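Q: Make a model of the complete structure from these sequences and hints.
The lines below spell out each chain.
Protein chains: 2
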Amino acid sequence: MEMWYTEKQTPSVSLSLKTTKTLHVEQTEFQHLAMIETEAFGRMLVLDGMVQTSVVDEFVYHEMIAHPALYTHPNPKNVLVIGGGDGGTIREIIKHPSVEKATLVEIDGRIIELSKQYLPEIAVALTGEPKVEVKVEDGIKHINESKNTYDVILVDSTEPVGPAVGLFSQDFYQGIYDALKEDGLMVAQTESPFFNGDLITSVNKRLRNIFPYVKTYLASIPTYPSGLWSFTMGSKKYKIEDVDINNLYSIETKYFTPELMLASTKLPKFVQDLVKGE
Amino acid sequence: MEMWYTEKQTPSVSLSLKTTKTLHVEQTEFQHLAMIETEAFGRMLVLDGMVQTSVVDEFVYHEMIAHPALYTHPNPKNVLVIGGGDGGTIREIIKHPSVEKATLVEIDGRIIELSKQYLPEIAVALTGEPKVEVKVEDGIKHINESKNTYDVILVDSTEPVGPAVGLFSQDFYQGIYDALKEDGLMVAQTESPFFNGDLITSVNKRLRNIFPYVKTYLASIPTYPSGLWSFTMGSKKYKIEDVDINNLYSIETKYFTPELMLASTKLPKFVQDLVKGE
Chain A
1 MEMWYTEKQT PSVSLSLKTT KTLHVEQTEF QHLAMIETEA FGRMLVLDGM VQTSVVDEFV
61 YHEMIAHPAL YTHPNPKNVL VIGGGDGGTI REIIKHPSVE KATLVEIDGR IIELSKQYLP
121 EIAVALTGEP KVEVKVEDGI KHINESKNTY DVILVDSTEP VGPAVGLFSQ DFYQGIYDAL
181 KEDGLMVAQT ESPFFNGDLI TSVNKRLRNI FPYVKTYLAS IPTYPSGLWS FTMGSKKYKI
241 EDVDINNLYS IETKYFTPEL MLASTKLPKF VQDLVKGE
Chain B
1 MEMWYTEKQT PSVSLSLKTT KTLHVEQTEF QHLAMIETEA FGRMLVLDGM VQTSVVDEFV
61 YHEMIAHPAL YTHPNPKNVL VIGGGDGGTI REIIKHPSVE KATLVEIDGR IIELSKQYLP
121 EIAVALTGEP KVEVKVEDGI KHINESKNTY DVILVDSTEP VGPAVGLFSQ DFYQGIYDAL
181 KEDGLMVAQT ESPFFNGDLI TSVNKRLRNI FPYVKTYLAS IPTYPSGLWS FTMGSKKYKI
241 EDVDINNLYS IETKYFTPEL MLASTKLPKF VQDLVKGE
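The listed protein sequences derive, respectively, from chains A and B. The opening residue of the first sequence carries number 1 in UniProt numbering; numbering runs sequentially from there. The opening residue of the second sequence carries number 1 in UniProt numbering; numbering runs sequentially from there.
Each statement offered as a hint is correct.
The list makes no distinction among identical chains, and a pair is therefore deemed to hold if it is satisfied within one copy or across any two copies.
Listed next, the in silico DSSO-like pairs over lysine-lysine satisfying Cα-Cα at most 30 Å (straight line):
#1 266 - 205
#2 254 - 239
#3 205 - 254
#4 101 - 269
#5 141 - 77
Think of the hints as simulated: they come from the structure by calculation, not from any bench. Predicted model, so just to flag it, every value in this text is computed and none were measured.
A: Written out as C-alpha cells, the structure reads:
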C-alpha cells in the first residue's frame with residue numbers, strides 16, 4: 001500500500017509526496033500541525049496543509065532568509081526572528097561571529113517542542129546555545145514592545161492566512177522599523193512570484209513607505225509552490241549591493257554563497273515588474 | 001466532476017494540475033503525445049507523461065535556452081535547434097537581428113503539426129518566416145552530416161529517456177563540436193539540479209572533454225520537476241562572463257535580462273559541487 005501526502009498549493013495545482021511514516025498529527029491552539037516522513041524530502045513539518053520545511057531542502061530557505069541580512073549588516077549583534085519555530089533560521093544566524101544574541105519569538109510553542117523532537121538537525125540551536133533565547137509569544141506584541149533594539153529582524157512566517165495575516169501588514173512593518181536600531185534592517189519571506197505576485201507587489205509598496213532601501217531577492221525551494229520563492233529586505237542604511245563580497249568571513253553553507261546573494265537580487269523581467277508596481 | 005493531470009516527476013514526487021480540456025492524445029512513431037488544457041498553466045504539451053511546455057510558463061525555458069547563447073556569440077548567423085518541435089526556441093532565436101538562418105531539426109513531425117494547431121503562440125515562427133527552415137529528421141544524423149556549419153547549436157531535447165537518450169552522449173557532443181564553426185557554441189537543457197544531479201555532473205565532464213569553456217546556468221520553471229532547471233553551454237571561444245551587458249541591443253522578454261544571464265551562472269553551493277565533480 002502506498003501513502004501519499006498531497007498539498008493543494010493553489011486550487012488547481014497540487015504537489016504529492018510519497019510518505020513513509022506519519023510521525024505526529026495534532027490541532028494546536030493556532031493551527032493544524034503534522035510531522036510526516038517522505039521518501040523524497042525526508043521528515044517534514046506541515047502546518048494547515050502547507051509544507052513549512054523538510055530536512056532535505058530546508059537549507060535553501062533557512063540560509064537565504066538569514067545570510068543576506070547578516071552579511072548586509074556589517075556588525076549584527078542583536079537579532080530577532082519572528083516565527084521560525086522549527087529553529088532553522090536561528091541555526092544559520094549564530095554562524096555569524098558578531099551575533100551576541102538571537103531571539104526567537106514563536107506564537108505556537110508546539111512547533112518548537114515537536115521540531116526539537118522530530119527535526120533535531122533543524123532545531124539544533126534551540127537548546128544549549130547561550131546566545132539563543134526562545135520565547136513563546138505573539139510576534140506582533142513583541143514587536144510593539146521593542147524600540148530601537150535589534151540590528152536585524154527576520155520575519156520567518158507561514159503563509160498570509162491564519163495566525164500570520166498580521167505579519168504582512170503596514171502596521172507590523174512600521175513596528176519592525178521602530179524595533180530596529182537606527183541602522184537596522186529586516187527580511188521577510190514573501191511567497192512565490194509565479195503564484196503570489198500581488199503579495200510581492202503590496203509588500204514592496206508597504207516597505208517602501210517606511211524604509212529607504214527595499215530589495216526583493218529569490219531562491220529555489222522544491223517543496224514550496226512553483227519552486228521559486230521570494231524574500232524582501234527593508235533597510236534603514238545598508239544595501240546588499242554595497243557588500244564587499246571579496247572581504248567576507250566564510251561560513252558553511254549548501255546553497256548560499258556571497259556571489260549568489262548578489263545574483264539573487266537580479267530579478268527575472270516579470271518579477272522586476274512586480275516589485276516596480278505602482 | 002474535476003479532472004486532474006498527474007505527472008510522476010520521480011517515483012515519489014508528483015505534480016497534479018487541474019485540467020479543463022483534453023485537446024488531443026495519440027501515440028506517435030516515437031512517443032506518447034498529449035495536448036491538454038490546464039487551469040493554472042493553460043494549454044500544454046505532454047510527451048511520455050512529462051510536461052514539455054505550457055503556454056503560461058514556456059517563456060522561461062525558451063528565453064533561457066536561447067538568449068544566453070545568442071548574446072554570448074557576438075555575431076550568430078546560422079543557428080540550429082535539435083528537438084524543440086513546439087517552436088518556442090526558434091521564436092526566440094529570430095529576435096536576434098544577426099540571425100540569417102534558423103534551422104529546426106525535430107525527429108517527430110507530429111509535435112510540429114500539433115503545436116501549430118494547439119500552441120500557435122509558441123509555434124508562431126514555424127510558418128511564414130523566411131529565415132526559418134523546419135526539418136523532420138533525426139538530430140543525431142543531421143549533426144553527423146554537418147561540419148563547420150553553425151554558429152550556435154541548441155539542444156532542446158526531452159528527458160534522457162526514449163528518443164532523446166543519444167542527445168546526452170559524448171559522441172553526440174563531439175558531433176556538435178564538429179558541426180560548429182571554429183568560434184561556435186552550444187547550449188543543452190540539462191535537467192534539475194535537485195533531482196538529476198548525476199546527469200549535470202556527467203554532461204559537464206563530457207563537455208569539458210571537448211570544449212575549452214563549459215558553463216552551467218539555472219532558471220526557474222514551475223511545471224518542471226523541482227521547479228529549478230539547468231542549461232549547460234559548451235563554447236570554443238566566447239564566454240558568458242565576457243559579454244558586455246551594457247552594450248547589447250534589447251529584445252522583448254518576460255524572464256531574460258542581460259543582468260540575469262550573468263546572475264544565472266552564479267550557482268548555489270551544492271550545484272557548484274555538481275559541476276565541479278571529478
